[in-house]
Every structure is written in structure tokens, then in C-alpha cells.
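Please arrange chains V and Z on chain C, whose structure you already have, making use of the hints.
Chains as they are written, first to last, in the numbering used here: chain C, 387 to 482; chain V, 433 to 755; chain Z, 185 to 439.
It is possible that part of the hints are untrue.
[Unchecked claim] Residues of chain Z clear of chain V, computed beta-carbon distances all greater than 12 Å:
hint : residue
1    : Thr-211
2    : Ala-231
3    : Lys-302
4    : Lys-309
5    : Leu-353
6    : Gln-372
7    : Lys-387
8    : Thr-395
9    : Arg-409
[As the list claims (entries may be wrong)] Simulated DEER-style distance windows between Cβ atoms:
hint : chain 1 : residue 1 : chain 2 : residue 2 : range
10   : V       : Glu-755   : C       : Val-479   : 53 to 61 Å
11   : Z       : Asp-348   : C       : Glu-391   : 20 to 28 Å
12   : V       : Gln-453   : C       : Trp-441   : 32 to 40 Å
13   : C       : His-409   : Z       : Glu-266   : 46 to 54 Å
14   : C       : Thr-446   : V       : Ala-753   : 17 to 25 Å
[As the list claims (entries may be wrong)] Derived DSSO-like pairs: lysine-lysine, alpha-carbon spacing no greater than 30 Å straight-line:
hint : chain 1 : residue 1 : chain 2 : residue 2
15   : Z       : Lys-387   : V       : Lys-746
16   : V       : Lys-747   : C       : Lys-455
17   : Z       : Lys-311   : C       : Lys-404
18   : V       : Lys-500   : Z       : Lys-251
19   : C       : Lys-456   : V       : Lys-652
20   : V       : Lys-456   : C       : Lys-465
21   : C       : Lys-456   : V       : Lys-450
22   : Z       : Lys-311   : V       : Lys-747
23   : Z       : Lys-387   : V       : Lys-500
24   : Z       : Lys-251   : V       : Lys-746
Because the hints were derived from the structure by calculation, they are not lab data.
Yeah, the Cβ is synthetic: ideal placement off N, Cα and C, and Gly gets one too.
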Amino acid sequence: MTKEEKETCLWEVFIQPKNGLSHRHCGSVHASDRELAILSARNVYARRGEGQSIWVVKSTDIVSSDPDKKDEVFSSDDKIYRHPTFYDVPDDVGHM
Amino acid sequence: MTTELQKTGSLIKEFEAKIDQDEKIEPKDFMPEAYRKTLIRQIGQHAHSEVVGMLPEGNWITRAPTLKRKLSLLAKVQDEAGHGLYLYCAAETLGKSRMDMTQELLSGKAKYSSIFNYPTPTWADIGAIGWLVDGAAIMNQIPLCRCSYGPYARAMIRICKEESFHQRQGYEIMLTLAKGTEAQKDMAQRALNRWWWPSVMMFGPSDADSTNTEDSVRWKIKRYTNDELRQKFVDAIVPQAKKIGLTIPDRDLKWDKKRNKGTGGYAYGKIDWDEFWRVIKGDGPMNNERLAAKQRAWNEGTWVRDAAREHALKKQAALQAAE
Amino acid sequence: MRKKMTDMVFEGLLRLADDNLILGHRTSEWCGHAPTLEEDLALPNIALDLIGHAQALYILACELNPKYANEDALAFLRLEHEYKNVLLVEQENGHFGNTVLRLFYFSTFMKYFWEALKEQCCFEKLKKFSEKAVLETSYHSQYSSQWVITLGDGTEESNRKMSDAIINLEPFVGELFSEDNFTRESFQKDFFPELGLICEKWKAEVQSVFTKANLDLPNITLKKRGGRNGEHTEVFGYLLSDLQYMQRTFPNSSW
Numbered sequence: 387m388t389k390e391e392k393e394t395c396l397w398e399v400f401i402q403p404k405n406g407l408s409h410r411h412c413g414s415v416h417a418s419d420r421e422l423a424i425l426s427a428r429n430v431y432a433r434r435g436e437g438q439s440i441w442v443v444k445s446t447d448i449v450s451s452d453p454d455k456k457d458e459v460f461s462s463d464d465k466i467y468r469h470p471t472f473y474d475v476p477d478d479v480g481h482m
Numbered sequence: 433m434t435t436e437l438q439k440t441g442s443l444i445k446e447f448e449a450k451i452d453q454d455e456k457i458e459p460k461d462f463m464p465e466a467y468r469k470t471l472i473r474q475i476g477q478h479a480h481s482e483v484v485g486m487l488p489e490g491n492w493i494t495r496a497p498t499l500k501r502k503l504s505l506l507a508k509v510q511d512e513a514g515h516g517l518y519l520y521c522a523a524e525t526l527g528k529s530r531m532d533m534t535q536e537l538l539s540g541k542a543k544y545s546s547i548f549n550y551p552t553p554t555w556a557d558i559g560a561i562g563w564l565v566d567g568a569a570i571m572n573q574i575p576l577c578r579c580s581y582g583p584y585a586r587a588m589i590r591i592c593k594e595e596s597f598h599q600r601q602g603y604e605i606m607l608t609l610a611k612g613t614e615a616q617k618d619m620a621q622r623a624l625n626r627w628w629w630p631s632v633m634m635f636g637p638s639d640a641d642s643t644n645t646e647d648s649v650r651w652k653i654k655r656y657t658n659d660e661l662r663q664k665f666v667d668a669i670v671p672q673a674k675k676i677g678l679t680i681p682d683r684d685l686k687w688d689k690k691r692n693k694g695t696g697g698y699a700y701g702k703i704d705w706d707e708f709w710r711v712i713k714g715d716g717p718m719n720n721e722r723l724a725a726k727q728r729a730w731n732e733g734t735w736v737r738d739a740a741r742e743h744a745l746k747k748q749a750a751l752q753a754a755e
Numbered sequence: 185m186r187k188k189m190t191d192m193v194f195e196g197l198l199r200l201a202d203d204n205l206i207l208g209h210r211t212s213e214w215c216g217h218a219p220t221l222e223e224d225l226a227l228p229n230i231a232l233d234l235i236g237h238a239q240a241l242y243i244l245a246c247e248l249n250p251k252y253a254n255e256d257a258l259a260f261l262r263l264e265h266e267y268k269n270v271l272l273v274e275q276e277n278g279h280f281g282n283t284v285l286r287l288f289y290f291s292t293f294m295k296y297f298w299e300a301l302k303e304q305c306c307f308e309k310l311k312k313f314s315e316k317a318v319l320e321t322s323y324h325s326q327y328s329s330q331w332v333i334t335l336g337d338g339t340e341e342s343n344r345k346m347s348d349a350i351i352n353l354e355p356f357v358g359e360l361f362s363e364d365n366f367t368r369e370s371f372q373k374d375f376f377p378e379l380g381l382i383c384e385k386w387k388a389e390v391q392s393v394f395t396k397a398n399l400d401l402p403n404i405t406l407k408k409r410g411g412r413n414g415e416h417t418e419v420f421g422y423l424l425s426d427l428q429y430m431q432r433t434f435p436n437s438s439w
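Isolated chain C, as found in the complex (with noise of 0.2 Å):
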């Protein structure tokens, strides 16, 4: 039947929706290259006009936190101080 074949990279690839919002994961392709990734990325994630700019990034190339980890890189929830609510201000001070 087929051979054995090699895959091909995986691209995770983020859309910019407008100016002034920021790119956006939506998803991934497989492409051997970036010159193809970008256009897979286009043809896939951007048929109906989703969008004004597009990154590629290899899935390979991203670094992320550990998962088993969670609660030591996120543990500085208990930081109230860094809330505006923690501070009190008279209400006749109005917004702040």
C-alpha cells in the first residue's frame, strides 16, 4: 500500500482580527516550510475574511510553562494589593 513517509512540521498559526487588537491562536497546519505554512494558514483559517495579518510559528519552536507546575508559576493570586479594590477611597472622590 504506502510507504512510510516522514510528517511534515506543525504551525500553529495566529490571526490579527484588526488593527489594534492582537494575534490570535486559531488553530494549526502542517506545512514543510514557512513559505507554505503562511499560505495553508491563509487558505485555512482566513476563507472568509477573518483577519488582516497572520503568524506562523513551528509548534516546535514554542516554549511553554509546566502544566504539573501550574501552581508555582501562577501562585500570585493572593496578592490583593495588586487589585484596585484592595485601596479605599471616599465615593465622593468619584472614579479613580
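Frame of chain C, contents of chains V and Z only:
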């Protein structure tokens, strides 16, 4: 050893707590092997179905009767390729490569929805597929947008959004045919006769015979059982058929006020499960042709994929040499 | 518009629309059969653009000729000799490399054609339309050139297959640039651009892509021609029997 077991035990508890609280599971989170396997199987089958599903409809692109219909059909079949692609990507986050999945499809090892093993002899089949098959698919897919596995749920949200025109496209074709000449009406009715029972079967075996339902429901991969979805489908389609003057080919079809916990629903005739299993096992009208078409495309494309990989390597080497 | 002018514009719209429709038809035949799933999206995407262009142009054309009720009458109900597309676009697809090479040839030609129309065209509606068409067509040219480079440079086998495709398509390329009474008159009247100029740009671009692809650009001369006069190759009849099947089998029906 014990500690290892204890650790796994507590991970499973954590996982189940997340599921109970409707939290999403993400690729790098712990998940029980059975959950991963169930997802890979289901997402893979779903992806294969989209990809094979391009063939029966693609069959009519060059023969579509008007430019408008040709463009809608092309867009729709193209969407299916896109949906297959989103789903393969979702499955890849579980550690299953696209290449593996492709090989499993091409070798006949992986299953895809049996509905695509039926032929599309007339233009009306394109209408019937959009109306019934996409209608059934949407019933299945909308609850999957809330599936517990994040990447699958996200792919499904995208898919459902894009598919919203598919069923309308099909129904509009049927409506136009049903209002048309005698020959067109006849074409529409014949297509409905062909596609009705296979569509009803699309929801899979009845709950009593379904082996995978229980776990899938508990893990919130599936939100409704096969029979619940089937009932929803029949209840939705029957009035739509009536509206355009087509007859559902089921003499036992009648209103039953006891259905749907007493709110009423349609009782339908006995499903021919022998046919269902026969087609699944490979003996449907088009099983061989569909697989052969995918194999041919893949084999004829080998030199293209080889060249693309080779070209990428050469470029990389040139880049490194320049540095 | 005066009768003579109307006839000329109608003829020009048909030439453009038929080229786009027939190449769109051929491209759509790939749907579900491409070498990768990514290409299974790309090719129908391009077919959609091409057939969409044809549709828009037929709509403009039938406004000028009461003989045709709507765009479908033009697309589906003419006789073989009434189609004015070049022979290049009606040829069978062949392998993927042959398909992308033809697409590269055609879309690069069309890109410069639309660009010229955007600058100057006495028929305002077409001038307007070319603004959108040039964007999509440039993308087709970019997409196909990338594949020509990839396949030309890739493996020995792929380079050989591309060289075969060049030989296979070579006799049909000249017709894109061939002059006749219509092209001369339409240039004189500021309706269509001069083909010689487009040919120069086309050659330069194809040459630069072929250099990257390790492929040789053959000398382009006028060999096979006839499409513009409605004289088609044998394969065209089969294409029409697919395209026209429904409209011919069930005349006077709505779809």
C-alpha cells in the same frame, strides 16, 4: 509503587472533579488513558468523516446546475476539508500524529461515518445530504462545542459556526426541486427515500447496543445519547419535509404524545440495523470506491510531499551555510 | 454605447469570463483528490475565486446582450464554438505539478492584465471589477509560484515532472498573448491593454521563478491556437458535457 498508585489515584480524582465542575481539560493536563483513547478514536473518526465526506458531494461540483449552486457547493465541500483539518489538529494535541491517522484511514483500519458510503446519483442527493446529513451532523456537533476536552470543543465551535449555512443550502435545494417540474419533484422524493434511513442511522446504534456511550457521557465528551439525538432529528425533519410536500419513507411514522418525557415527539419505524452493520463492516454501496479514491489521491501525491520536504531541507541547509 | 462598441465589450467580457470559468472548472476537479489536506483547501479556494470572477463578468456581459437572460445562460447554454477561452485552460489537469504550473502561467498573465485594466479601461464597470480581481489573482500567482519553486527544486523526480509539464504546456502558452482583430481594436479603443507589454512582464516574472526552481523557460511562440475563435481541442467537449449536463437534461427549470 504504592505512592505511584496513590499519586495516579489523586490525579484521577482531580480530573474527575474538573469534569464535574464543567472545567475544560487541556492537552498537557493529566487525563486517564481511556479518556485519551476515546477522544482520539472519536475525533479521528470525525475528521475522517469530513475528509471522505468531500467525495460524494465533490462528485457534483463540475455538474452543478447553476453558477450560484456551483459556488455554494464548492464552498461547502471546501469547508469540509477545513473541518477535517481542524479535527486532525485537535487529535494531534492528544499525541496522535496526522500521518498515523491518515495511514489508518487509508489502510481501512479507521472508521468514518457510514453515510458517505452511499452514492450521489442525482443533483437532488446534494440537497438531501445538506438537509439530512448535515442536519444530523449539526445535532451531533452542537453539544460537542461544550465537550470537556478544550481543543475538541474549540474546533467544534469553529466548525458549527461555519456549518450554519450547510443545512440551509441543502434544504433550499430540496425546496426548489419540490416546487419545480414533475421531473425535479420526483428527483427530490427519490433522494429523500435514499437518504432518510441512512441519516437516521447516523446517530449510531441504539443506546441499548452502544458500548461507548456510558463513559463518553460521564466524561462529558458526549452530552446526549444516540437515541436522544435521533429523536431530536426526526422531530425536526418531519415538519420540514411536510412544508415542502415531500414524504418521509416510513409508514410507521406518527405523532406520539408520550415521547420526549410526555411533551410529544414522532414515533418512527424499525431501523434496519443489519444494513447499518453491513455498511460499517465494509459492504456498503461505495465503501471500496471511497477508500480507493483517497488512496489514489495519497499515492499520486507522494512525489509532491517528498519534493516539499526535500525543498525545505535544501533551503534550511542553504540558510545554515550562510550563517 | 454604440453597437460596434457594445459588440467589442461583449466579446472581451466573454473571453475573460470563459478563461476564468473553464480554469475554475478544471481546478475544482481537484476537490477531495489533492496531495495533502492543506492543498484540498487551497485548490477549491482558487476555483471559487475563478468561477466567482466568471460569474461577475457574465453578469456584465448579459446586460449588454438581450439574447442571454442571465449569467447561467452564458455559462451553461452556449454551443462549443461560442466559448472563447484559450486552449490552455481547457486542457486536462494532469498531475499536481502540471496543474500548478498552468495556474502559475495563467494567473501571472491575468494579474498583469487586471493591473492594466485597473489603470485604464473605457468600460467603467470592468475597470471597477479589476480592482478586486487583481488581489485574488495575485494571490493565485503567489501560491502557484511557491509550488513551482518547491517542486522544481525538490527532488530529481519532481524536477523531471515539472520539466515534462513545461514541455506539455508550452504549445498552449503563446495563445495568451496572440493578437487578432479584436485585441488590436480593443487596445485602440482603450478597452483592453496591449498584450505585448503584458507578455514582457510575464516572461520576466516566470523567468525569475524558474531560476529559483531550477527550471528552463522555453521560447514562447504561437503554436496551438483557436480558442478565441471558438475552435477547441477534443477534451473540451467532455468538459462541456459535465458542465452543461443539468441544464441540457432539464431545460427551462429553476435550481
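Here is how each hint holds up against the structure:
With a cut of 12 Å on Cβ distances, Thr-211/Z falls inside the contact zone with chain V, its closest approach being about 10 Å. Listed as a non-interface residue, Ala-231/Z fails to keep its Cβ farther than 12 Å from every Cβ of chain V; the least gap is roughly 6 Å. For Lys-302/Z, the requirement that its beta carbon stay farther than 12 Å from each beta carbon of chain V is met, with the minimum near 24 Å. The claim that Lys-309/Z lies off the interface holds: its Cβ sits roughly 18 Å from the closest Cβ of chain V, which is beyond the 12 Å cut-off.
In this structure Leu-353/Z is separated from chain V by more than 12 Å, as the shortest Cβ-Cβ distance comes to about 18 Å. Listed as outside the interface, Gln-372/Z is consistent with that label: its C-beta sits roughly 32 Å from the nearest C-beta of chain V, beyond the 12 Å cut-off. Interface exclusion of Lys-387/Z from chain V stands, the closest Cβ pair being 24 Å apart, more than 12 Å. At roughly 15 Å from the closest C-beta of chain V, the C-beta of Thr-395/Z stays outside 12 Å, upholding its exclusion from the interface.
The claim that Arg-409/Z lies off the interface holds: its Cβ sits roughly 26 Å from the closest Cβ of chain V, which is beyond the 12 Å cut-off. With their beta carbons about 59 Å apart, Glu-755/V and Val-479/C fall inside the hinted range of 53 to 61 Å. Distance hint check: the CB atoms of Asp-348/Z and Glu-391/C are about 23 Å apart, consistent with the given range 20 to 28 Å. Between Gln-453/V and Trp-441/C the Cβ separation comes to about 34 Å, which falls inside the hinted range of 32 to 40 Å.
Taken as a hint, the range 46 to 54 Å holds for the pair His-409/C and Glu-266/Z, whose Cβ atoms sit roughly 50 Å apart. A hinted range of 17 to 25 Å holds for the C-beta pair Thr-446/C and Ala-753/V, which are about 22 Å apart. Between Lys-387/Z and Lys-746/V the alpha-carbon distance is near 26 Å, which keeps this suggested pair within the 30 Å criterion. Pair hint Lys-747/V plus Lys-455/C does not hold up; C-alpha atoms about 38 Å apart against a cutoff of 30 Å.
The straight-line distance between the Cα atoms of Lys-311/Z and Lys-404/C is roughly 28 Å, inside the 30 Å bound, and the hint therefore holds. Among the hinted pairs, Lys-500/V with Lys-251/Z is consistent with the structure: their alpha-carbon atoms are about 21 Å apart, no more than 30 Å. Proximity of Lys-456/C to Lys-652/V is assessed by CA-CA distance (about 24 Å); at most 30 Å being required, the pair is judged to hold. About 26 Å separates the Cα atoms of Lys-456/V and Lys-465/C, which keeps this hinted pair within 30 Å; it holds.
Using a Cα cut-off of 30 Å, the hinted pair Lys-456/C and Lys-450/V holds, with the two alpha carbons roughly 15 Å apart. Restraint check: the Cα-Cα separation between Lys-311/Z and Lys-747/V comes to about 40 Å, which exceeds 30 Å; the hinted pair is violated. Taking the CA atoms of Lys-387/Z and Lys-500/V, the gap is about 35 Å. The hint is violated against a cut of 30 Å. Distance check on the hinted pair: Lys-251/Z and Lys-746/V sit about 57 Å apart at the alpha-carbon level, beyond 30 Å; violated.
The structure fails to meet hints 1, 2, 16, 22, 23 and 24 from the earlier list, while all remaining hints are met.
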